[in-house]
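Each chain, letter by letter, is given below.
Protein chains: 2
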Amino acid sequence: MATTPTRERILDAALVAWGTRGYEATSLDVLAAGLGITKQSILYWYPSKEALLDALIARSAQELAGAMNAALEGAGNGWAKVEAVVRSVFRLAARRPELLGLVREVSRLGPPAATRMTLELQPLVRRASEFLETEMDAGRMRRHDPNLLLLAIYSTVIGMVTEVDVLRAFGEEPTARSLVRRRTDVLQLLRSALMTG
Amino acid sequence: MATTPTRERILDAALVAWGTRGYEATSLDVLAAGLGITKQSILYWYPSKEALLDALIARSAQELAGAMNAALEGAGNGWAKVEAVVRSVFRLAARRPELLGLVREVSRLGPPAATRMTLELQPLVRRASEFLETEMDAGRMRRHDPNLLLLAIYSTVIGMVTEVDVLRAFGEEPTARSLVRRRTDVLQLLRSALMTG
DNA sequence: CCATCTCCCTACCAAATGGTAGACAACGAC
DNA sequence: GTCGTTGTCTACCATTTGGTAGGGAGATGG
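Top to bottom, those sequences are chains D and L.
Counted the way this note's numbering counts, the first sequence spans residues 121 to 317.
Counted the way this note's numbering counts, the second sequence spans residues 121 to 317.
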């Protein structure tokens, strides 16, 4: 197994720390200590904390968009495809729970970080919107504002983060499996609202 | 108009600042400057930053629970009541947009803050759960896990915060009115999934 | 064997943070 | 008038933060 280069290891550590404890709450020193290096080594690879966040956003957005795009371009249509896309996110989130946490964190941070991530994901959103319109034109889905549907689906996905928070507040650490099952159930609630027939 | 006592003004300022920019991101100095006082005056009323957060959580949870309780104890049943409760939150959030922001922020902060808020809202959650069970027993609502339904409804409400973030990422400041309309639409999506007949 | 480049380190620094100590003005009670 | 209380302030402080300057070990290449 090839040793991961420092550059990537820093991104990994930042993803975990910032996606769970938060950006302001995790200093470069703490980040470095967890990697067995010093803060100055981080600043060698990334000129500032903000630059590191920027790089992390770029990589994470690409990872998310990549997974969803694959499902979106794949076979099938109607509800099956909606489910396939959402499931692709769940699979990713089960492997890297901090990814969704980072999305939540970045959107909370506001511009310029949030703007950056939003722009990065925009092509994907547009493609998803087009898909929904096609489905509605074909009569396979009830007619709604596509952006509204995307928002509802997005809420379902990002709700996973909230759910983790709530469970943690009770001192309970949820398993990836239980989370995915639960979120899939919530998704099913949407199904009967969205689909015709 | 009676001048609001300092104690309350501090809570108000903290709610706005922490509910939008975040807890770690807003120092006591900044908070005090906005009030035209010094950090030491804040520390006179609240022994520490954490104690201030604690007091803020208590007051905010009470405010939220109070509004929802009134709607929950009111007349009506079935979907009308679900809508009444959610609308009561929307009305509150339209007047004090930072309230939901604080809920999001606190759940992100994790224990002990999140635990505190969760406990504070627990009675309300239990009562809501009982209401849903009554409705299902009476056949006015499809049978589901009540906690699942609450989670779905909660996602709809808290999604308002996410929506604000996303819009702000595009440099757009949403109006309270447009937000409420939008969220009500999302809520309607749930309706057909939940109700019988 | 020397020069260069890569990568991480030690040593600092200025600014900001949460918090403490204590002075001081206003004010009501006696 | 004096005394205690209340509420705010100025003056500090220790620690932490993001960031800079520069040294040095080790590989690489001529």
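Worth double-checking, as some hints may not be accurate.
It does not matter which identical chain is meant; a pair holds if it fits inside one copy or across any two.
Claimed, not checked - Below, computed lysine to any residue pairings styled on SDA-like, alpha-carbon distance capped at 20 Å:
1. LYS159 x ALA137
2. LYS169 x ARG179
3. LYS169 x GLU128
4. LYS201 x VAL150
5. LYS169 x LEU192
6. LYS169 x THR295
7. LYS169 x ARG141
8. LYS169 x ILE157
9. LYS169 x LEU268
10. LYS169 x GLU144
11. LYS201 x PRO125
12. LYS169 x ALA145
13. LYS169 x THR146
14. LYS159 x LYS169
15. LYS201 x LEU239
These are computed hints drawn from the structure, not numbers from a lab.
Under a CA distance limit of 20 Å, which applies to LYS169 and LEU192: within one copy, between copies, both, or neither? Result: close neither inside a copy nor across copies, 34 Å intra and 47 Å inter.
At 20 Å max between alpha carbons, let me know whether LYS169 reaches ARG141 within a copy, between copies, both or neither. both (16 Å within a copy, 18 Å between copies)
For LYS201 vs PRO125, is the C-alpha pair at or below 20 Å within one copy, between two copies, both, or neither? This pair counts as neither: shortest intra-copy Cα distance 37 Å, inter-copy 57 Å.
At most 20 Å between C-alpha atoms: does LYS169 with ARG179 qualify within a copy, between copies, both, or neither? Only inside one copy: LYS169 and ARG179 sit 16 Å apart there, 35 Å across copies, limit 20 Å.
Within, between, both or neither: LYS169, GLU128 at alpha-carbon 20 Å: For LYS169 and GLU128, the Cα distance is within 20 Å only inside one copy (15 Å; across copies 36 Å).
Tell me, please, which holds for LYS159 and LYS169 at an alpha-carbon limit of 20 Å: within, between, both or neither? within (10 Å within a copy, 28 Å between copies)
How would you classify LYS169 and ALA145 at a CA-CA limit of 20 Å: within, between, both, or neither? Intra 12 Å, inter 15 Å, cutoff 20 Å: intra and inter.
LYS169 and THR146: within-copy, between-copy, both or neither at 20 Å Cα: Both, since 11 Å and 18 Å are each at most 20 Å.
Checking LYS169 and LEU268: alpha-carbon separation at most 20 Å within a copy, between copies, both or neither? Neither way: LYS169 and LEU268 sit 35 Å apart in one copy and 39 Å across, limit 20 Å.
With 20 Å as the alpha-carbon cut-off, assign the pair LYS169 and THR295 to within, between, both or neither. neither (31 Å within a copy, 33 Å between copies)
Cα distance capped at 20 Å. Does LYS169 pair with GLU144 within a copy, between copies, both, or neither? Cα proximity of LYS169 and GLU144: in one copy and across copies (10 Å, 16 Å).
Homomeric proximity label, LYS159 with ALA137: Cα distance no greater than 20 Å: within (15 Å within a copy, 30 Å between copies)
Taken one by one, the earlier hints fail for this structure at numbers 4, 5, 6, 9, 11 and 15, listed in ascending order.
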